[in-house]
Amino acid sequence: MGNQQSIARFWGVPLFWLFCLVIATFSFPYFEELFRQVAPNQRQVIYTRDSFFALLLNHLSLVGIAAIISILLGVSSAIFVTRSYGKDFLPLVSQIASMGQTFPPIAVLALSVPLLGFGALPTILALSLYGLLPIVRNTLAGIQGVDSAVIESARGMGMSSFQVLRQVELPLASTVILSGIRTSVTINIATAAIGSTIGASTLGDPVISGLVNGNTAYVIQGAILIGLLALSTDSLLDRLQNRLSTRR
Amino acid sequence: MLGIRFDKVMPLLTGASLLSIWSLDYVNLQPNRILPGVGYSLQDAVGWWWMFIVTTLLISAFLLSFIRLPTKRLLQLLIVSLLLVFMPISLSSFASNHIPETLTHARTGLGAAFWVLLFLLVLMLIELQQKLKLSRLIICLISILPIISFLFAYLDGGLETLAILREYNARSDQFHQAVKVHITLVSGAVFTSMLLASCLVALMRKVEAAQKIIFPLLNFIQTIPSLALFGLLIAPLGYLASKSEWLQAMNVSGIGWAPAMIALIAYSLLPMVRNTFVALEEVSSSIIEAAKGMGMSPLQVFIQVRLPLAMPVILEGIRITTIQAIGLTAVAALIGAGGLGNFIFQGLGQAAMDMVLLGALPILLLALVADLLFTSAMALFGRQSTRSGVIN
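Residue numbers (numbering that gives the first Met the number 0), protein chains in the order written: chain A, 0 to 247; chain B, 0 to 391.
What the hints contain is simulated information worked out from the structure, not anything from laboratory work. Errors might be hidden in some of the hints.
Derived list of chain A stretches under chain B, where covered just means 3 residues or more per stretch with a C-beta under 8 Å from a C-beta of chain B [to be verified]:
1. 81 to 94
2. 108 to 117
3. 220 to 226
With a straight-line Cα cutoff of 30 Å, these simulated DSSO-like cross-link-like pairs (lysine-lysine) come out [unchecked claim]:
4. B/Lys-130 - B/Lys-7
5. B/Lys-7 - A/Lys-86
6. B/Lys-130 - A/Lys-86
7. B/Lys-71 - B/Lys-7
8. B/Lys-71 - B/Lys-132
9. B/Lys-130 - B/Lys-71
10. B/Lys-205 - B/Lys-291
11. A/Lys-86 - B/Lys-132
12. B/Lys-71 - A/Lys-86
13. B/Lys-7 - B/Lys-132
The following residues of chain B were derived to be distant from chain A, with all beta-carbon distances above 12 Å [unchecked claim]:
14. Pro-30
15. Arg-32
16. Leu-73
17. Leu-77
18. Leu-81
19. Ile-146
20. Phe-151
21. Asp-155
22. Leu-246
23. Glu-288
24. Met-293
25. Met-295
26. Gln-303
Here a beta-carbon is modelled for each residue, glycine too, at the ideal position from N, C-alpha and C.
Input sequences plus hints: build the corresponding full structure.
The structure is reproduced here in structure tokens:
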């Protein structure tokens with residue numbers, strides 16, 4: 000992938016959405032007249048309680064922290080249950096990972112409030128718990144999908160079991176793992192937006208506040224930013240996944 | 000003896016259960032809705048005699064893991080079932096021992112130990128089901144037992160102080176209405192998207208170019224978070240409704256059922272179309288050839304061969320769609336669509352946790368029931384569910 004043009008084309012879609020996201024984050028105040036058309040009866044049509052940039056950063060950090068926790072926990076627990084010392088737990092863990100996805104994320108989010116109260120912390124907990132499931136499931140599928148003959152021959156070459164894991168199993172499973180991470184992050188961006196209702200400050204704030212006060216302009220501003228954030232993250236992860244699978 | 004290893008899962012789960020009932024509050028008692036509650040441990044709540052029985056049962060389940068006995072897992076299953084049956088009874092016993100008749104507004108909240116114990120018992124049930132290779136049907140039968148004991152305790156009047164039931168009794172009409180709206184929205188969206196998906200799939204099978212437009216479009220919609228899509232539909236729908244009397248007559252406006260329905264259908268299309276299309280395409284061509292060779296007409300081939308063979312995967316698509324729609328409908332309460340989400344968001348607004356539970360628990364239950372129905376339907380079609388497959 001040496002030439003510049005193909006790199007631009009390869010990363011074009013995520014770059015486009017990122018560009019839109021950045022523009023939208025900073026330019027809403029300049030479109031006051033346009034938003035006034037949408038909400039003619041409102042005194043104020045641009046959400047100003049927090050800057051959109053601050054909300055975006057907050058949203059990103061909630062999702063980011065949750066993603067790091069669920070990747071660390073998810074991948075390591077999937078590795079644990081596929082080793083000989085953890086294999087007792089394999090049926091239970093894989094069953095939970097597939098059954099847990101039956102629970103709607105909004106219910107998980109709501110149930111975390113009685114346990115932890117309002118704010119960013121219960122949101123992060125709910126996001127990381129829910130985000131664990133696709134990662135565990137895909138990591139398990141990825142590791143179990145590695146041909147046992149490949150592992151045998153790696154052992155035969157004198158690799159230790161840690162080397163087999165690091166140099167054979169994880170690289171071969173990486174595409175599937177990344178796809179689990181993508182599912183997890185996409186769900187979490189959406190769920191974090193609803194986290195506004197439990198007191199986490201996210202891009203959902205303008206939407207919720209607009210819905211409560213009947214200010215459609217606020218709703219649109221929040222909704223556009225949430226949508227663009229989801230599209231840029233998802234397309235970025237899609238390209239990464241593509242990169243990983245073509246490099247092999 | 001070296002070389003013999005024991006399964007570590009049950010000891011861990013039973014050990015954690017013991018720890019939780021000995022260290023955390025099992026229930027808490029509020030004199031009324033506003034005053035803070037007082038916590039009770041399991042021993043305070045049901046007396047030391049019950050505490051002794053529960054502890055003994057858990058310790059036996061713990062010790063059974065280390066014994067070489069062919070039936071040890073069945074015994075553990077029996078213990079887990081007994082404990083599950085005990086849980087509703089424990090609540091009613093607490094109410095009769097600790098709540099005087101004079102406290103007419105008293106509320107029993109479920110404490111951390113209750114939830115942890117319930118969660119661990121469910122995990123044990125799943126674990127034993129997996130290790131004993133029992134069918135899901137037996138597990139369903141076992142889970143009916145605690146439901147029966149719950150109903151028994153409820154009809155006996157022992158559970159009326161339970162906070163979530165107090166909340167339910169205070170607004171039972173609203174609750175039934177919400178359940179009805181929720182189910183109507185979900186089934187409406189699922190049925191409509193089934194019809195639309197069949198048309199789209201038919202189109203895609205005829206015109207190959209349609210695939211290149213439909214899949215990316217549906218993927219695009221699926222990527223947009225629910226709150227954003229609901230929000231973005233408000234302005235255009237509100238505008239259309241203000242222009243058209245016909246739409247106004249149908250009660251369509253920027254908020255309410257209309258944007259919710261549109262968004263739900265839009266989200267439902269991707270899993271529905273993807274599974275239906277893939278399922279129909281993947282029927283092996285040699286089978287189709289054989290059917291043709293037997294003199295079947297193209298229509299017969301489709302209805303008698305292709306469709307039945309594709310059915311499990313199509314049903315899996317409907318399963319995913321339904322479960323997804325149950326959760327999304329909860330979010331739709333924010334744009335005034337009603338349904339069980341109303342209780343969640345109202346409860347969050349008033350910091351009334353029992354009301355949040357009144358919304359969230361039935362949503363969980365609906366999702367579980369839908370899951371069960373569709374997995375049973377898939378089992379009827381003779382193939383194992385494909386739920387262990389990986390989402391890409």
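Looking at B/Leu-246 again, its CB stays over 12 Å from all of chain A? holds (17 Å)
Holds or violated: are the alpha carbons of B/Lys-71 and B/Lys-132 at most 30 Å from each other? holds (14 Å)
Please work out if A/Lys-86 and B/Lys-132 have their alpha carbons no farther apart than 30 Å. Holds. A/Lys-86 to B/Lys-132 sits at ~16 Å (cutoff 30 Å).
Assertion that B/Leu-81 lies outside the chain A interface [Cβ separation over 12 Å]: Correct as stated: the minimum Cβ-Cβ distance to chain A is 21 Å, above 12 Å.
Within the assertion that chain B covers the segment 81 to 94 of chain A, do at least three residues meet a Cβ-to-Cβ distance smaller than 8 Å? holds (count 6)
A cut-off of 12 Å on Cβ-Cβ distance, and B/Gln-303 was said to be off the interface with chain A. Does that hold? At about 32 Å from chain A, B/Gln-303 clears the 12 Å cut-off, so the statement holds.
Does B/Lys-291 sit within 30 Å of B/Lys-205, going by the straight-line distance between their CA atoms? Roughly 19 Å separates the two Cα atoms, so the pair holds.
When you look at the beta carbon of B/Phe-151, is every beta carbon of chain A farther off than 12 Å? holds (26 Å)
For the segment 220 to 226 of chain A, count the residues whose Cβ lies under 8 Å from any Cβ of chain B; is that count three or more? Holds, because 5 residues of the segment 220 to 226 of chain A bring their Cβ atoms closer than 8 Å to Cβ atoms of chain B.
Would the non-interface assignment of B/Met-295 survive a Cβ cutoff of 12 Å against chain A? holds (37 Å)
Proposed proximity, B/Lys-7 with B/Lys-130 (alpha carbon, max 30 Å): At roughly 12 Å apart (the allowed maximum being 30 Å), B/Lys-7 and B/Lys-130 satisfy the hint.
Would you mind confirming whether the straight-line C-alpha gap from B/Lys-7 to A/Lys-86 stays at or under 30 Å? Answer holds: B/Lys-7 to A/Lys-86 is near 10 Å, not above 30 Å.
Every hint from the earlier list agrees with this structure, and none is contradicted.
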